[in-house]
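Q: One letter stands for each residue in the lines below.
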Amino acid sequence: MAIPISYNLRNIQQRPVATLTTAVGVGLTVSIFIGALALAAGFRAALVSTGSPDNAIVLRKGADSEISSGVTRDAVNIIRSHPGVAIGPDGRPLATADVVVVVNKPRLGFKGSSNVTVRGVDPSSVSVRANVSVLPGGRAFTPGTDEVMVGRRVASRFAGCAVGDKVVLQDRSFTVVGHFTTGGSAFESEIWGDAAVLGPAVGREGVFQTATFRMKDPARFDALKAELERDPRLQIQLKREHDFYAEQSELFVGLITGIGVFITLIMAIGAVFGAANTMYATIGSRTREIATLLVLGFRPGSILLSFLIESVFICLLGGVIGCLLALPINGIATSTTNFQSFSEVGFAFAVTPEALMSGMVFSLLLGLVGGFFPARRAAKQVPARALRGE
Amino acid sequence: MGLLGLVLVNLGRNKRRTILTTASVMVGVFLFCTLGGVLDTLQESIKAGSMSRLVTRNKISLIFPLPIAYRDRIAAIPGVKRVGISNWFGGQDPKDPRNFFAQFAVDDEYFAVYRPDVEIVEASAPQVQTGVPEGTDPKLAAFFQEQTACVVGRKLMEKNHWTLGQTISLSGTIYPGDWNYTIRAVYRAKNKSFGEETMLFRFKYLDERGMQGSSQVGIYVLELSDPDRAPEVAKTVDAMFLNSSAATLTESEQAFQAGFVSMYGNVPFVLRVIGLAIVFAILLVAANTMMTAFRERTAEIGVLKTLGFQDGTVFGLVLAEAAIITLGGGAAGALLAKFVIEGTGFNFGGFMPPMTVYWGTVLTGTGIAFLMGAASGLLPAWRAAHLRIVDALRRVD
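So the protein sequences, as listed, match chains V and B. Under the working numbering, think of the first position of the first sequence as 10, with each following residue one higher. Under the working numbering, think of the first position of the second sequence as 23, with each following residue one higher.
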């Protein structure tokens, strides 16, 4: 017969301080675990949302990032006139050829500097990239002029990016005329201007870094890819924009996940020891009680299960505390250099339901591992001896 | 029996609890010191750069090149002894793109500039006996005779199981195509922070094959005849090119390295927050143990007091027990971090110098654990000191 769960609940009520300290210890471990997952998820989300599944990106064969890529104007023209490219309402192909460079800028409010991506786009094809909207108080850059607009996340992290400030490239300076947002994607960490003006300013005439176009039929991507990559005039590789940006996040996500798992595993060892200590103490102070239960006819298996449940319960409580501790970090903006694009990407921590779920499962495991040995000890004791007080 | 003996016997009474608590403190401090080690390593990577060498890069950012014509103009500035060239190559291992390591195309002068930092430990014999460029290691003779030769760091050699004279190939990401190199020498870093996982090859090879002879330079490294004149020389260089097609930014090699560390953004802050959470978790574990120990021994404390132990002594006894556990666990964890982490030589895939844990961090970790012990023991110790004998002895468990 199983021991009623109310027995465990009353036990826990008996030692609120010990229960709470153990639970908070587990909670801290769980919150760091969730925090690492949220960091990786936020970064990934920013990059993945940058790419649209309907778009394809053209890079030079062998290039692994935009800045190391180069596509000639001739190649861009061949691609633009390809029947696989969708046509906009104005009758022009929905394609943009970008000049992408990296500029070192001082941080706002901190010491040091970091790199920002500057992208020259084709102003007639801004619609290739959905959700670009200019924030109030500014406007989009005027094509053909020395004007740029600055992504929301750049504006909040780097000096000299307010509306009216100048961004200097080589010997030309560009005026910031507005800030823009793209729904949280990595484009918000960039500065945009007209490729036709930016390109020559940075000595990139007749060559672009990448070209991006809307596919007429995204389902035919594989055939399109095969055809364009085979064309000897182009020497390019074609990727789904979505896949490309997901790849760009791999290195960082891998690193953060690795570090997170390392920290969490080690902290978990400490938390398991803590839980075990508490359970041993609980069982130690209830030796006679447990013996009585055995004498009454409860099976050792029921005792084991009962204490395991108690331990799991304490740790689940810790899991809830951990989730509550981790929740406030959701949405906090942070940034790091993505070494794949060699520039800083701003993003927000994303505490996803999956992360919270993983945290709870993790706390459950801590309870099982930490509670098993003490519970087994309780189940294995000899009633006569315990009752005699030995 | 001395008082210390009494404390030790108490610790030995519930061995499992003492061991579990010590172990969890140890684990916590290990982690604390490991995270501290990451910060130390960032610090170390800043120190990798010398204060007396200068680096000149394009003012806009590192990805923009500088004209080769700047070399002679910089070299002519008084106070500049040598000027070396270094270009990031960014090649990938064609068999395993994840097998990342840094490759730089460097000119002959570069080896003279960095001679104090690297030692050639192994080198192929030259085809013909010829001299080497002034200031460079004579062991590099074979390297200088071959366009496609490369010099490889000792650790990189071991990691990839390469041998001297072997041909290796890379696929270029910035400079397209497959590139083959012959390993002609192996270097050891005399200065730990220089790193031994880098491959260096000839700028001429890159220039002729990858840039059609346009000789675009990534960075210039300047060796100075008088390090004290560094700030002055840096200013002169930048002023010279201010109105040229490519303006420059010249800074000490150390500041150049610090620029990379600055790119990590908030990472050091995040590590500090995690470190604090860990410390707090340790405190909880230790406090819990001490409370339990105290509760179990209430009657005993009553007996001690009956025997004439003063309140202060009882206070000290309980506190000492906590301190010994946390100090022992803390010191063990901190030392473990120092030796295990440094022993693995982990270096973040070559992005940073091998992990270092400063002695300062080891001391901080141990000190924090000790303070945690004191803090966790305070409440039980205070309670023990203020316990009335009657209450202690009357208590029924």
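Hints may be right or wrong, so weigh each one.
[What the hints assert, rightly or not] With a straight-line cut-off of 27 Å between C-alpha atoms, the simulated DSSO-like cross-links for lysine-lysine are:
id : chain 1 : residue 1 : chain 2 : residue 2
1  : B       : Lys103    : B       : Lys327
2  : B       : Lys117    : V       : Lys234
3  : B       : Lys226    : B       : Lys69
4  : B       : Lys117    : V       : Lys70
5  : B       : Lys177    : B       : Lys226
6  : B       : Lys81     : V       : Lys175
7  : B       : Lys177    : B       : Lys161
8  : V       : Lys248    : B       : Lys117
9  : B       : Lys226    : V       : Lys70
10 : V       : Lys120    : V       : Lys175
11 : B       : Lys257    : V       : Lys389
12 : V       : Lys120    : B       : Lys226
13 : V       : Lys120    : B       : Lys103
14 : V       : Lys175    : B       : Lys103
No lab work stands behind these hints: they were computed from the structure.
Q: Checking one constraint from the list: CA of Lys177 (chain B) to CA of Lys226 (chain B), max 27 Å. Satisfied?
A: With a Cα-Cα distance of about 25 Å, the restraint between Lys177 (chain B) and Lys226 (chain B) holds, given a limit of 27 Å.
Q: Check whether the Cα positions of Lys257 (chain B) and Lys389 (chain V) lie no farther apart than 27 Å.
A: violated (79 Å)
Q: Would you check the hint for Lys117 (chain B) and Lys234 (chain V), treating anything up to 27 Å between C-alpha atoms as holding?
A: Roughly 23 Å separates the two Cα atoms, so the pair holds.
Q: Would the pair Lys226 (chain B) and Lys70 (chain V) pass a check requiring their Cα atoms to be no farther apart than 27 Å?
A: holds (24 Å)
Q: If you draw a straight line from the CA of Lys117 (chain B) to the CA of Lys70 (chain V), is it 27 Å or shorter?
A: The hint holds at about 17 Å.
Q: Would the pair Lys120 (chain V) and Lys175 (chain V) pass a check requiring their Cα atoms to be no farther apart than 27 Å?
A: holds (20 Å)
Q: Need the status of pair Lys175 (chain V), Lys103 (chain B): alpha-carbon distance at most 27 Å?
A: violated (37 Å)
Q: Do the alpha carbons of Lys81 (chain B) and Lys175 (chain V) lie within 27 Å of each other, as the hint requires?
A: holds (15 Å)
Q: Please verify whether Lys177 (chain B) and Lys161 (chain B) have alpha carbons no more than 27 Å apart.
A: holds (19 Å)
Q: When you check the alpha-carbon spacing of Lys248 (chain V) and Lys117 (chain B), does it fall within 27 Å?
A: It holds: about 21 Å lies between the C-alpha atoms, which stays within 27 Å.
Q: For the pair supplied as a hint, Lys226 (chain B) and Lys69 (chain B), confirm whether the alpha-carbon distance does not exceed 27 Å.
A: Given pair Lys226 (chain B), Lys69 (chain B) is violated - Cα atoms ~30 Å apart, limit 27 Å.
Q: Need the status of pair Lys120 (chain V), Lys226 (chain B): alpha-carbon distance at most 27 Å?
A: violated (38 Å)
When each numbered hint is compared with the structure, violations occur for hints 1, 3, 11, 12, 13 and 14.
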